[in-house]
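Listed here are the chains, written in short residue letters.
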Amino acid sequence: EAGVTQFPSHSVIEKGQTVTLRCDPISGHDNLYWYRRVMGKEIKFLLHFVKESKQDESGMPNNRFLAERTGGTYSTLKVQPAELEDSGVYFCASSEQMNTEAFFGQGTRLTVV
Amino acid sequence: AQSVTQLDSQVPVFEEAPVELRCNYSSSVSVYLFWYVQYPNQGLQLLLKYLSGSTLVKGINGFEAEFNKSQTSFHLRKPSVHISDTAEYFCAVSLTYNFNKFYFGSGTKLNVKP
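Chains A and B supply the protein sequences, listed in that same order.
Here the first sequence stands for residues 1496 to 1608, where the numbers follow our numbering.
Here the second sequence stands for residues 227 to 340, where the numbers follow our numbering.
Since the hints were derived computationally from the structure, they do not count as laboratory data.
Idealized CB from N, CA, C, for every residue including glycine.
Any given hint could be a false lead.
Partial selection, computed: residues in chain B whose CB lies under 10 Å from chain A [to be verified]: (1) V230; (2) L233; (3) S253; (4) Q264; (5) G269; (6) A318; (7) F328.
Okay, derived cross-link-like pairs now, SDA-like style, lysine to any residue, Cα gap no bigger than 25 Å in a straight line [what the hints assert, rightly or not]: (8) A:K1539 to A:T1595; (9) A:K1539 to B:S256; (10) A:K1536 to B:T281; (11) B:K335 to B:Y265; (12) A:K1536 to B:S253; (13) B:K284 to B:R248; (14) B:K295 to B:H308; (15) A:K1539 to B:F240; (16) A:K1546 to A:E1578; (17) B:K295 to A:E1596; (18) A:K1539 to B:T298.
Taking the hints into account, I'd like the entire structure generated from these sequences.
Take a look at the structure:
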């Protein structure tokens, strides 16, 4: 069974451009989470979907970030326009239930230059 | 608010030596405790977790951790490390009503030398 898949694995964009990250959760997992790690610091929660609904988006840094999960399957995280401080590794995780183990993807390394 | 402190950013150790990775947390409410590992070019993998019960928790790959409520600690230990244990280790907590909303520490890079 495929795990959580994220792509691209790496992305280098210029400041002011738009980037869209994608996460495909494990099939059947209703819960999807986005996290990011900036500059080797701690990994921080961004938001949590239950199916297509945003359960908790308290970690979204500002309105330049837009997360969607149309149809309750894969999710996208768009950054528009990207700023230098958005550089980091963006992780996605999914779980079957809210209280069952979450499985993480390999992450997308975003570099804004 | 919840916070997790991993005091050691890097820990070098020789193969077959014991290792302890330290983790302290702060929370005004009950939490669950986790250790995750990230091997090079891979995602985060759950090593072990403490939810309740025995304070000594055994995980995969011979790792164990002990929950100490009075010291608000959850240190990770392994009696004898292997080269393959070279990775970055993350301590995390979550609230009991939101299992997978983690508050992570800044990570500890374990470098096992031959």
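Hints and how they fare:
no., hint, verdict
1, V230, "holds, 7 Å"
2, L233, "violated, 13 Å"
3, S253, "violated, 15 Å"
4, Q264, "holds, 9 Å"
5, G269, "holds, 4 Å"
6, A318, "holds, 8 Å"
7, F328, "holds, 6 Å"
8, A:K1539 to A:T1595, "holds, 20 Å"
9, A:K1539 to B:S256, "holds, 20 Å"
10, A:K1536 to B:T281, "violated, 28 Å"
11, B:K335 to B:Y265, "holds, 10 Å"
12, A:K1536 to B:S253, "holds, 20 Å"
13, B:K284 to B:R248, "holds, 16 Å"
14, B:K295 to B:H308, "violated, 30 Å"
15, A:K1539 to B:F240, "violated, 31 Å"
16, A:K1546 to A:E1578, "violated, 29 Å"
17, B:K295 to A:E1596, "holds, 23 Å"
18, A:K1539 to B:T298, "holds, 21 Å"
Violated hints, listed in ascending order, are 2, 3, 10, 14, 15, 16; each of the other numbered hints is respected by the structure.
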